[in-house]
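Trainee: Sequence:
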Amino acid sequence: MESRSLPWSRVRSGWERFAAGYRRRSSLVLRASVGLVYLWFGVLKFVPGASPAEDVATRTMERLTMGLVSADVSRPLLALMEVLIGVGLLSGVLPRLTLVVFFTHMSGVFSALLLLPAETWTTVLVAPSMEGQYIIKNVVLVAAGLTVATASHEGNGRRPPRSRGGRGGAGRGDVEGPAAPGRDHGGQPLTAPEVRPETTARRKTRTSRAMGSIAAVAAAKTVP
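Here the sequence shown stands for residues -16 to 207, numbered as in this note's numbering.
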């Protein structure tokens, strides 16, 4: 029984090690995957007729610009945009700008479902055509982009300010730990508070007055 369970335990431990390692690199793998897809599809658009999505993409751009940008102009522009997105995601350079261009491009891609209903739907908002399915699948890329954006934001979080008081001093933004016995948080020795002479004189005056009052009360009680 133990010999049968041994291979399974090895498989499970191996999978756990793989999952732990992949979890640390999942954001990088996802970013590289989306970048590779964009780079690949963008390069295809530089060649007329090489991309099956070329016609829908150029006609959508023509509708969005109200005919100001023709297909011969929009095709290389879209190709350049997709290549830049792919290079940005693969290299990790200017991640925020890359993601802004990415989501801008995606908004234009999904607008084809509304601007070109005859080409993207066999039954509007019910059954997409082959081109419509091609567009709707980009929901996965949008989800991947959101994950990459979240990971990029967490990785670029603000760092706590550095100490300005030197190596031993505590800075403005540092969290002070417990002070050493007999010393404050700055490392300086603790001193006893200064006792002012006038404070001692006042205490003596109050004490003498209290003693005089007690003596007077005691004398009054002894008088017959």
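Worth flagging that the hints you see were computed from the coordinates, not collected in a lab.
Each hint should be verified, as a subset may be incorrect.
Stated by the list, open to error - List time: in silico SDA-like cross-link candidates among lysine to any residue, alpha-carbon distance up to 20 angstroms:
#, residue 1, residue 2
1, Lys120, Val109
2, Lys120, Ser135
3, Lys120, Thr106
4, Lys120, Thr105
5, Lys120, Leu82
6, Lys120, Arg79
7, Lys120, Pro100
8, Lys120, Leu13
9, Lys120, Pro35
10, Lys120, Asp38
11, Lys120, Ala36
12, Lys120, Phe93
13, Lys120, Pro78
14, Lys120, Arg(-7)
15, Lys120, Arg7
16, Lys120, Val92
17, Lys120, His136
18, Lys120, Val56
19, Lys120, Thr130
20, Lys120, Leu80
21, Lys120, Val30
None of the values given here were measured: they were computed from a predicted structure.
Trainee: Does each hint fit the structure? Answer for all of them.
Mentor: Going down the list of hints, with the structure as the test:
no., hint, result
1, Lys120 x Val109, "holds, 15 angstroms"
2, Lys120 x Ser135, "violated, 24 angstroms"
3, Lys120 x Thr106, "holds, 18 angstroms"
4, Lys120 x Thr105, "holds, 17 angstroms"
5, Lys120 x Leu82, "holds, 19 angstroms"
6, Lys120 x Arg79, "violated, 24 angstroms"
7, Lys120 x Pro100, "holds, 17 angstroms"
8, Lys120 x Leu13, "holds, 16 angstroms"
9, Lys120 x Pro35, "holds, 15 angstroms"
10, Lys120 x Asp38, "holds, 18 angstroms"
11, Lys120 x Ala36, "holds, 13 angstroms"
12, Lys120 x Phe93, "holds, 10 angstroms"
13, Lys120 x Pro78, "violated, 23 angstroms"
14, Lys120 x Arg(-7), "violated, 37 angstroms"
15, Lys120 x Arg7, "violated, 27 angstroms"
16, Lys120 x Val92, "holds, 11 angstroms"
17, Lys120 x His136, "violated, 25 angstroms"
18, Lys120 x Val56, "violated, 26 angstroms"
19, Lys120 x Thr130, "holds, 17 angstroms"
20, Lys120 x Leu80, "violated, 24 angstroms"
21, Lys120 x Val30, "violated, 23 angstroms"
The structure is inconsistent with the numbered hints 2, 6, 13, 14, 15, 17, 18, 20, 21, although it conforms to all the rest.
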